[in-house]
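Undergrad: Modelling step: build the complete structure from the supplied sequences, incorporating the hints.
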Amino acid sequence: MSLDPDLATALVEPSELPPEEPGRLAVFWRRFRRNRAAVFGLVLFVLVVAAALLADVITPGDPLRRVAQPLTDPFTNPVAPLGTDQLGRDILAGLMHGARVSLMIGVVATLISVGIGIVIGAVAGYWGGWVDDVLMRFTDAFQTVPSFILLLALVAIMGASLESIIFGIGIVSWTSPARMVRAEFMSLRHREFVEAARSLGQRPVATIFREILPNALPPVIVFASVIMATSILLESALAFLALGDPNHASWGNMIGQGRSVLRSDWYVAVLPGIAILLTVLSFSLMGEGLNEALNPRQKK
Amino acid sequence: MTHRTLFAALALSTVLPVATLAQEAAAPEPKRGGTAIFHLVTEQGVLNPALRASTGVYQITGKIMEPLIDLTYDGPVGVLATDWSSSEDGLQITFKLREGVNWHDGEPFTCDDVAFSAMEFWKPLLNYSSTLQANLESVDCPDPHTAVFNYSKPMPLALMVAAMPDLGHPVPKHLYEGTDYQRNEHNTAPVGTGPFVFREYQRGQHIIAERNEDYWRGEEFPYLDRVIWRFIPDKSAAAAAIEAGEIHGSGFIGIPMADMIRLGEDPRFSVGTKGYENNVAHSTIEFNLRNEILANPEVRKAIYHGLDLQFAIDSIMRGFAQEGRGPIPSTGGINYTDDVTTYPYDPDLARQMLDEAGYPVGNNGIRFTLRHRSAPYGEYTQLWGEYFAQAMREIGIQVDIVTNDTPAFLNGVYRDHDFDTANGWHQFRSDPAVSTTVWLRSGTPPGQPWTNQFGYQSAEMDALIDAAAHELDPAVRADLYHQIQRLEMIDLPVIFAIEHPFIGIYNNVLMNHTNTPRWESSSWYDLWLNQ
Amino acid sequence: MRMPPILAYALRRLLQAVPTILIVMVGTFLLMQLAPGDMVDALVGDMGGADAAFIARMRQEYGLDQPVWVQLMRYMGKLATFDFGWSYVYEQPVSTLLLDRLPVTLALMAASLTLAFVGGVALGAWAGRHAYSAADNLISTLGLVFYAMPNFFLALLMILLFSIHLGWLPVGGLRDIAAFHTGWRLWLDMAIHMIMPVAALSLIYLAFYMRLMRSSVIEVSELDFVRTARAKGAPEGRIMRHHIMRNAMLPVVTLLGLQFATVLGGSVVIETMFALPGIAQLAYNSVIRRDLNTLMGIVFLSSLLVIAVNFITDLIYARLDSRIELR
Numbered sequence: 001m002s003l004d005p006d007l008a009t010a011l012v013e014p015s016e017l018p019p020e021e022p023g024r025l026a027v028f029w030r031r032f033r034r035n036r037a038a039v040f041g042l043v044l045f046v047l048v049v050a051a052a053l054l055a056d057v058i059t060p061g062d063p064l065r066r067v068a069q070p071l072t073d074p075f076t077n078p079v080a081p082l083g084t085d086q087l088g089r090d091i092l093a094g095l096m097h098g099a100r101v102s103l104m105i106g107v108v109a110t111l112i113s114v115g116i117g118i119v120i121g122a123v124a125g126y127w128g129g130w131v132d133d134v135l136m137r138f139t140d141a142f143q144t145v146p147s148f149i150l151l152l153a154l155v156a157i158m159g160a161s162l163e164s165i166i167f168g169i170g171i172v173s174w175t176s177p178a179r180m181v182r183a184e185f186m187s188l189r190h191r192e193f194v195e196a197a198r199s200l201g202q203r204p205v206a207t208i209f210r211e212i213l214p215n216a217l218p219p220v221i222v223f224a225s226v227i228m229a230t231s232i233l234l235e236s237a238l239a240f241l242a243l244g245d246p247n248h249a250s251w252g253n254m255i256g257q258g259r260s261v262l263r264s265d266w267y268v269a270v271l272p273g274i275a276i277l278l279t280v281l282s283f284s285l286m287g288e289g290l291n292e293a294l295n296p297r298q299k300k
Numbered sequence: 001m002t003h004r005t006l007f008a009a010l011a012l013s014t015v016l017p018v019a020t021l022a023q024e025a026a027a028p029e030p031k032r033g034g035t036a037i038f039h040l041v042t043e044q045g046v047l048n049p050a051l052r053a054s055t056g057v058y059q060i061t062g063k064i065m066e067p068l069i070d071l072t073y074d075g076p077v078g079v080l081a082t083d084w085s086s087s088e089d090g091l092q093i094t095f096k097l098r099e100g101v102n103w104h105d106g107e108p109f110t111c112d113d114v115a116f117s118a119m120e121f122w123k124p125l126l127n128y129s130s131t132l133q134a135n136l137e138s139v140d141c142p143d144p145h146t147a148v149f150n151y152s153k154p155m156p157l158a159l160m161v162a163a164m165p166d167l168g169h170p171v172p173k174h175l176y177e178g179t180d181y182q183r184n185e186h187n188t189a190p191v192g193t194g195p196f197v198f199r200e201y202q203r204g205q206h207i208i209a210e211r212n213e214d215y216w217r218g219e220e221f222p223y224l225d226r227v228i229w230r231f232i233p234d235k236s237a238a239a240a241a242i243e244a245g246e247i248h249g250s251g252f253i254g255i256p257m258a259d260m261i262r263l264g265e266d267p268r269f270s271v272g273t274k275g276y277e278n279n280v281a282h283s284t285i286e287f288n289l290r291n292e293i294l295a296n297p298e299v300r301k302a303i304y305h306g307l308d309l310q311f312a313i314d315s316i317m318r319g320f321a322q323e324g325r326g327p328i329p330s331t332g333g334i335n336y337t338d339d340v341t342t343y344p345y346d347p348d349l350a351r352q353m354l355d356e357a358g359y360p361v362g363n364n365g366i367r368f369t370l371r372h373r374s375a376p377y378g379e380y381t382q383l384w385g386e387y388f389a390q391a392m393r394e395i396g397i398q399v400d401i402v403t404n405d406t407p408a409f410l411n412g413v414y415r416d417h418d419f420d421t422a423n424g425w426h427q428f429r430s431d432p433a434v435s436t437t438v439w440l441r442s443g444t445p446p447g448q449p450w451t452n453q454f455g456y457q458s459a460e461m462d463a464l465i466d467a468a469a470h471e472l473d474p475a476v477r478a479d480l481y482h483q484i485q486r487l488e489m490i491d492l493p494v495i496f497a498i499e500h501p502f503i504g505i506y507n508n509v510l511m512n513h514t515n516t517p518r519w520e521s522s523s524w525y526d527l528w529l530n531q
Numbered sequence: 001m002r003m004p005p006i007l008a009y010a011l012r013r014l015l016q017a018v019p020t021i022l023i024v025m026v027g028t029f030l031l032m033q034l035a036p037g038d039m040v041d042a043l044v045g046d047m048g049g050a051d052a053a054f055i056a057r058m059r060q061e062y063g064l065d066q067p068v069w070v071q072l073m074r075y076m077g078k079l080a081t082f083d084f085g086w087s088y089v090y091e092q093p094v095s096t097l098l099l100d101r102l103p104v105t106l107a108l109m110a111a112s113l114t115l116a117f118v119g120g121v122a123l124g125a126w127a128g129r130h131a132y133s134a135a136d137n138l139i140s141t142l143g144l145v146f147y148a149m150p151n152f153f154l155a156l157l158m159i160l161l162f163s164i165h166l167g168w169l170p171v172g173g174l175r176d177i178a179a180f181h182t183g184w185r186l187w188l189d190m191a192i193h194m195i196m197p198v199a200a201l202s203l204i205y206l207a208f209y210m211r212l213m214r215s216s217v218i219e220v221s222e223l224d225f226v227r228t229a230r231a232k233g234a235p236e237g238r239i240m241r242h243h244i245m246r247n248a249m250l251p252v253v254t255l256l257g258l259q260f261a262t263v264l265g266g267s268v269v270i271e272t273m274f275a276l277p278g279i280a281q282l283a284y285n286s287v288i289r290r291d292l293n294t295l296m297g298i299v300f301l302s303s304l305l306v307i308a309v310n311f312i313t314d315l316i317y318a319r320l321d322s323r324i325e326l327r
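Protein chains in written order, with the numbering used here: chain A, 1 to 300; chain B, 1 to 531; chain C, 1 to 327.
Incorrect hints may have been included.
Chain B regions said to be covered by chain A (calculated; three or more residues, Cβ under 8 Å) [unchecked claim]:
id	region
1	214-224
2	368-379
3	387-395
4	404-415
The set of hints was computed from the structure by calculation and includes no laboratory data.
Positions of the beta carbon are idealized from the N, C-alpha and C atoms, including for glycine.
TA: As structure tokens, then:
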């Protein structure tokens, strides 16, 4: 998976890039738009972002405070239109504020994992040799340990705060991006445009970031949508095992606690469950659209 | 949805379970045979009640190994002991032991077993018991069926008797003597004198015990052929298993509270707190007095006034609870008093007290912030911690909850004292001297769970605790415990906020269930299946 | 004298695995040292308390009073002789504990991955061939929904439907203990108990492989050699089997190898929900009870498994794609 070779060669001289930028974006959007499911994903994503942004407008105040009788059914009390949980907390407020938490988990954890992945993958792929061997054994080791068990250990060590959960998810998810970046670097490092840059005396770091990385990124960007989706699912699995952060209204916490009243008051767990499902779905659909847009070989 | 009326109905039905009434009216003849299957949430590494004093151990081993004395609704009743008495000075306690009792391997049970167990297990090895038996010097066996316990300081007979159901399980000397006690194979394959004989322990799956054909109560006992305990870590899944009829019972709040309420309405099941009178716990709020804000007793009292306990009882405990009145629960018999200072819910008063204490609301709406550790003991403890945070925000105190697993929680609270407030539950173990007053006594080294993590130090409290522990006159002893309760309710190192027995759910095919105040831990020799 | 290439390759991979496992073991050991509280705290918590002398004696007996490097050296020394030590939480040798529990997890994972792989490849291939048809849209949408659902949520819904509502399947556990089945009845009973856990664990991966296979099939179908074959008039079924499937399966096989460890992690929740005594649930309990010996044993075993599975998928990969040689 890489950009068209002709497009890549066109990138040899970075100075030639600017006039092409809007064109690339337009091309990208045209391709993305062709996939209707991806557009649907984008719409869902925009809705989730809107919920996160408008949380304080639509449901102002602390989402963890008591607003009505515990376990109020949905559509029975205007104070809590979607009902309340065991402690009388407004479920709508939880969903809105939870969108922030979930997006934050998705985005920050993905940035951490992709960041680590890029550094390790780039170094290993660019230099190869013993550096590659050492880094790959290290990556192997990480990939060998079941990620969720490692995550549990990290949360056991750092405590179940939102920060440590996000950090933990980032730490357990970097191996796949690292391998991808490495593979791209290995195939790109001997291309003419890289050799050209190198022979012009460009320093390795500059070559990595300015020449190779932009070309190695597309598959990683696509994969980032997978990491975002898994991050949200991982947080909910932690909350299932009572290792969520109770200081924040998070969808994972809401399901984790709501499932104990699932049989009598289904909405407490099911509504955040649907929120997670739709959000993860939006990431997957957008990822697919991105893949088709960035990887024209697959175009129909 | 309001459950208030339902709570009331259920609270009533726990006093007089409808099922039990029906049962007595019909009084069917007990039937022999059948396999009863029970749910357990957590697995036990050790199945030896003389090595591990914990309810989880008694739930299983109580059917296999028997104590000297058990507790019934008519008071203490001899099991392996038939009679007990104390010398005038309280330095000697004598047990007459039951004759004609055999261990499951056929060896006779004698005073040698009791003396060996007391000196080699109860005094040096058994948690809780080691404090209780600290002054035990020796156990004499004047004849095979008399055991004389010699103490260097007076031991109140009432305390000893109250402790024996939990801390008085003899082990067979002939299987332990000369072995490494901690590694003895019988620690996980117990040999006892009880109505059921241990058969197998499949880790992570189940434990099976089968009928003892040579039980001392006579050949009609026990009624059941077999008891099986299944380990199901997920409480919702356990509720489903109960509902599907795969399991007959689950004790100690083994399923979610909402399922308790829901299945309690189903005529197939009995839900209630009966059978747990001797297993009462308090949901607590614990203060770290090293924090200078919390060192001010007015702040602690204000916090108490800020807690809507009736709300917490209704929403979290679904009505199966009542407000606490200090360290001793209302089931504590003569040692309990309700004549103590109370702090009814009054958020305005709480705010006013905090203002007067010098903690006005800041620009951000917050007076001060507390770092709160919530014990990871499952659904209702977690909700109780979250309710505390919620209630405190209403009176302007920001509470940040730190969530950890059990080792990190215990370490953070009891060794590092790295907390401002904490919540959990504390079980009352028959007598205040066994574990409750230990919690309030100063002078214990850090790193010992369920001992003074508050940094609470009161010469008056310490003196009362020490006096009560060695007082022989039950009435004087009770008065000392009343004073301890009153003092605790004024000093408030910990809020014994909610008193709740545990809750069990049992399929109505089970007969004679919950017929003693520590039924889950008892021997079930008279349990039978009506099917 | 010359080794057959496959053996030489296997040997090379084995040598590569040694440092990996060393890193994993030492890393796990050191990582768990950072955790607040130790095994004795967990045990004392289970007991409901104990006094200071009792606690100190336990620490001494378990060797927890020794410096970390001494504990590590002792452990690694024992491990070199395949002695996994003693689990103080379960009061059993770790090897017994692992041998007891491994089959459950292996059965769960093998069944789940097989189902996910076969089902995913078959459905994905079908959807890919009939891309953008109504049926494809339906399959793809369902796949997306399953992929987006937290697996414990799916498990919960399945229990409600199949155990409570319909009463068809047991809620959990490995077998019907009270029935005392033997022989083939026992196997059948255990298989019935595995249906829901396997479904709950595999559906998300099935959906994932299906999507991967679908796009892979679409991609390969456009490639020159397929067009050539088609132009030559080869029957469509033959093209599908010999050209498209073979190549389209490559990414799925790679992922299968890479995801083995992830699936083991996912089993934690499933084993907990369905009360299955496997090593994933054991690993979780070992973490929260600081049972280091057990956790190390599990990590060691799972590393070996992951390495073995990756080795096998590499072999399959080489067989599927004649262009790849074993390096």
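Undergrad: Taking the hints in turn, state whether each one holds.
TA: Evaluated hints:
Requiring three or more residues with a Cβ within less than 8 Å of a Cβ of chain A, the coverage given for the region 214-224 of chain B is violated, as only 0 such residues are present. Given as covered by chain A, the region 368-379 of chain B passes the check, having 4 residues with a CB less than 8 Å from a CB of that chain where 3 are the minimum. Residues of the region 387-395 of chain B with a Cβ under 8 Å from some Cβ of chain A number 5, which satisfies the need for three, so the listed coverage holds. Look at the region 404-415 of chain B against chain A: 3 of its residues bring a Cβ nearer than 8 Å to a Cβ of that chain, three or more, so the hint holds.
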